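2 protein chains.
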Amino acid sequence: MKRFINASEDSVLETLAGFAACHADLVAVRLASKVATRREALTAGKVGLVSGGGFGHEPTHFGFIGVGALDAACVGTVFSSPSVAQILEAIQSADAGAGVLLIVKNYAGDVMNFKVAAQETAVPLEVVLVSDDCSITPQPGAQGRRGMGATVLIHKLAGAMAQSGASLTEVARVARKVSACSRSYGVALESCVTPNTGKRIFDVASDEIEVGVGIHGERGVRREKFAPAKDLVALMLEPILMELNLQPGASVLVLVNGLGATPLAELYLVFNEVKIILEARGVGIARSLVGSFLTSLDMAGTSITVLSMDEELLRLWDAPVCTPVLRWGM
Amino acid sequence: MKRFINASEDSVLETLAGFAACHADLVAVRLASKVATRREALTAGKVGLVSGGGFGHEPTHFGFIGVGALDAACVGTVFSSPSVAQILEAIQSADAGAGVLLIVKNYAGDVMNFKVAAQETAVPLEVVLVSDDCSITPQPGAQGRRGMGATVLIHKLAGAMAQSGASLTEVARVARKVSACSRSYGVALESCVTPNTGKRIFDVASDEIEVGVGIHGERGVRREKFAPAKDLVALMLEPILMELNLQPGASVLVLVNGLGATPLAELYLVFNEVKIILEARGVGIARSLVGSFLTSLDMAGTSITVLSMDEELLRLWDAPVCTPVLRWGM
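Going down the list, the protein sequences come from chains H and V.
In this text, residue positions in the first sequence follow the numbering used here: the first is 301, and each later residue adds one.
In this text, residue positions in the second sequence follow the numbering used here: the first is 301, and each later residue adds one.
In case anyone wonders, no lab produced these hints; they're calculated from the structure.
What you are looking at is a predicted structure, and each value in this text was computed from that prediction instead of being measured.
Possibly wrong hints are sitting among the right ones.
Because identical chains cannot be distinguished in the list, a pair is counted as satisfied if it fits within a single copy or across any two copies.
Stated by the list, open to error - No more than 25 Å apart at the CA atoms, straight line, and that leaves these computed lysine-lysine pairs for DSS-like:
id: 1; residue 1: K525; residue 2: K499
id: 2; residue 1: K346; residue 2: K499
id: 3; residue 1: K346; residue 2: K302
id: 4; residue 1: K302; residue 2: K499
All chains, please: the whole structure from these sequences, using the hints.
This is the structure we're talking about:
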C-alpha cells in the first residue's frame with residue numbers, strides 16, 4: 301500500500317517533527333519523549349489538562365494543545381498507549397498548582413497506563429474516562445464502550461472551564477457531563493493500512509461496510525450492505541438519539557468526524573443528512589464541527605458524535621480557543 | 301467505489317447544503333445559484349474578491365469566504381467551471397464600489413467563462429490568472445500551467461490587502477506578486493473516483509505514482525516508481541526551487557496540501573521532509589500551512605507550494621482572517 305512515509309519505524313517521530321515545526325508558535329514538542337506542551341508558560345493556579353493515546357489519530361492529540369484546551373499531551377506508537385513515564389512527564393508539565401485533569405479514552409492499554417501514572421504522581425488528579433461509542437452494548441467484565449469523538453469535545457469544553465479559572469472539581473464535573481451527555485457511532489468503508497505491515501487490517505467487500513468501528517483499525521461490531529449516505533447516517537444516528545433520548549426542542553452539538561481518508565466534501569454531505577433527520581425530530585443543532593479531528597490512520601469512514609447542549613456548554617464552546625486545530629474568539 | 305453520497309446528481313447541492321448549515325455564521329450560501337458571500341454586509345469602498353471553479357476541491361472555494369479573504373465565490377458541477385451567470389452574480393455580490401478582483405485558475409473552462417463574465421459586467425475589474433503548477437513546461441498555443449496551491453495563498457494575501465482598504469490596483473498587484481513568486485508540484489498515489497461513474501479516472505500500479513498532477517483528476521505528466529516520502533518530496537521540490545531560484549538566506553511560505561484522501565499525519569511527514577531539504581539549502585520557512593485545502597475529490601496525493609516571502613507578504617499573511625478554513629488574529 302502506497303503512503304507518504306519513509307522507513308515505517310520512523311513514521312511517528314517524522315510526523316511529530318513536521319507537526320512541531322509547523323505549529324512551533326503554539327505547541328512545544330519534545331521529540332525525545334513524545335510529550336508536547338503549550339508554547340507559553342503555565343498560568344499559576346490554572347487546572348492543567350492532559351490527554352494522550354496512540355499514534356494514528358492526528359490531529360488528536362497534539363493538535364488540541366493551546367489556550368482554552370489542553371496543556372500537555374503524550375503519544376505512544378501506532379495505536380498503542382503512551383508509557384507511564386510519558387504520562388507522568390505530561391502531568392508534571394501541566395501542573396500549575398491547581399491539579400490536573402487526565403482525559404483517558406476507554407481502551408485497555410490507555411486505561412492501564414494512565415491508572416498506574418495516576419497512582420505514582422503526587423500531583424492532585426481527577427480522571428475522566430471517555431466512553432461515548434454506543435455501537436457497543438456493555439457486557440459485565442468487558443472493557444465496555446470505547447472513547448471516540450467526545451474526546452475532542454472534552455478537550456474544548458473542559459479546556460474552556462479550566463481557562464476560566466475553575467477548580468479541578470469543577471473542570472472534572474464539566475468533562476464528566478460532556479462524557480455522559482454525548483454518544484458516537486462510526487462506520488468504515490475501508491480498513492486502514494498499518495505502517496508496520498503496509499497492509500489493510502481487514503478487507504471489506506465492495507458492496508459492504510463495517511458498522512460500529514473504533515479508532516484503532518479494529519473490525520466493527522457487524523457488517524452491513526453498503527447504502528446511500530442518508531441510510532448510513534440514519535443507521536449511525538438511530539442508536540445515538542435513542543440513548544440521548546432527545547425531545548423536540550432539544551439543542552445539540554454535532555461533530556461529523558472523518559476517520560482519515562474521507563474527504564471533507566463527503567463529511568459535509570453527511571452533516572446535511574444529520575441535519576435533515578434532527579430537524580424532522582424537532583432537535584436544533586446549536587453548534588457543529590465538520591472535519592477529520594480524530595482519525596484512524598487512513599481509514600475511509602466517518603463517525604458522528606452528538607452532545608446534548610445546555611447554557612453552560614454553549615458558553616464554554618463559544619469561549620476563546622487557540623490551538624492548531626480549533627481557533628476562534630481570539 | 302464506496303462513498304458517502306446519495307444519488308450522484310445530488311452530490312454537489314447536498315454537500316453545499318451541509319457546508320451552508322455548518323458555516324452559517326460566516327458564509328451565506330445561495331443554493332439555487334451555487335454562489336456564496338460573506339455573512340455580514342459589504343464594507344463600502346472595499347475592493348471585492350471573487351473566486352470560483354468546479355466542485356470537488358473542497359474546502360476551496362467557499363471555505364475561504366470571510367473577513368480578510370474572499371467576498372464571494374461560485375462553484376460549478378464536478379470539475380467544471382461555474383457558468384457566466386454564476387460569475388456575474390458573484391461579481392455583483394462582491395462589488396462595494398471599489399471594483400472587484402477575479403481570481404481565476406488557469407484551466408480552459410474557467411478562463412473562458414470568467415473572461416466572458418468580465419466583458420459583460422460594468423463593475424471595474426482586475427483579473428489574476430493563477431498558474432503556479434511547475435510540472436508543466438509551457439508550449440506555444442497550449443493552455444499552459446495550471447492553477448494550484450497559490451490560489452489558496454492569493455485568497456489570503458490579496459484578501460488581507462483588500463481588507464486593509466487598498467485600491468483595486470494595489471490588491472491586484474499583490475495577487476500577481478503571489479502568483480509570480482510561487483510554484484507548486486503535485487503527485488498522486490491513486491486517482492480519484494468521480495461521483496458520476498463511481499470509478500477511478502485512471503489506475504496507478506501498486507508500485508507506481510502519477511507525477512505532476514493537477515486538481516481535476518487528470519493524469520500526471522509522467523509516471524514514476526513509488527519511493528519513500530523523502531524521495532517523492534525531493535522530486536516535487538527540485539523544480540520548484542530551481543524556478544524560484546532561492547538563495548541561502550531566502551525566506552519562504554510552505555503549503556503542504558492534501559489532495560483528498562491523504563491523512564494529515566502523512567502531510568506533516570511530508571512537511572518535515574520539505575523542511576530538511578530547505579534547511580540544507582539555507583532557506584528559512586517563515587510561515588507554513590499543512591492540511592487539505594485544495595483537493596481533487598478523494599485523490600490520494602499531495603501538492604507542495606512554495607512562496608518566496610518579503611516583508612509585505614509576511615505582514616499580509618499575519619493579518620487577521622476569519623473564514624471557515626483560515627482563522628487567526630481575531
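Classify it for me, K346 with K302: is the Cα-Cα distance of at most 25 Å met within a copy, between copies, both or neither? Classified as neither: same-chain Cα gap 45 Å, cross-chain 47 Å, threshold 25 Å.
At 25 Å max between alpha carbons, let me know whether K525 reaches K499 within a copy, between copies, both or neither. both (23 Å within a copy, 19 Å between copies)
For K346 vs K499, is the C-alpha pair at or below 25 Å within one copy, between two copies, both, or neither? neither (45 Å within a copy, 53 Å between copies)
When Cα atoms must be at most 25 Å apart, do K302 and K499 count as within-copy, between-copy, both, or neither? both (10 Å within a copy, 19 Å between copies)
Consistency note: the structure conflicts with the earlier hints numbered 2 and 3.
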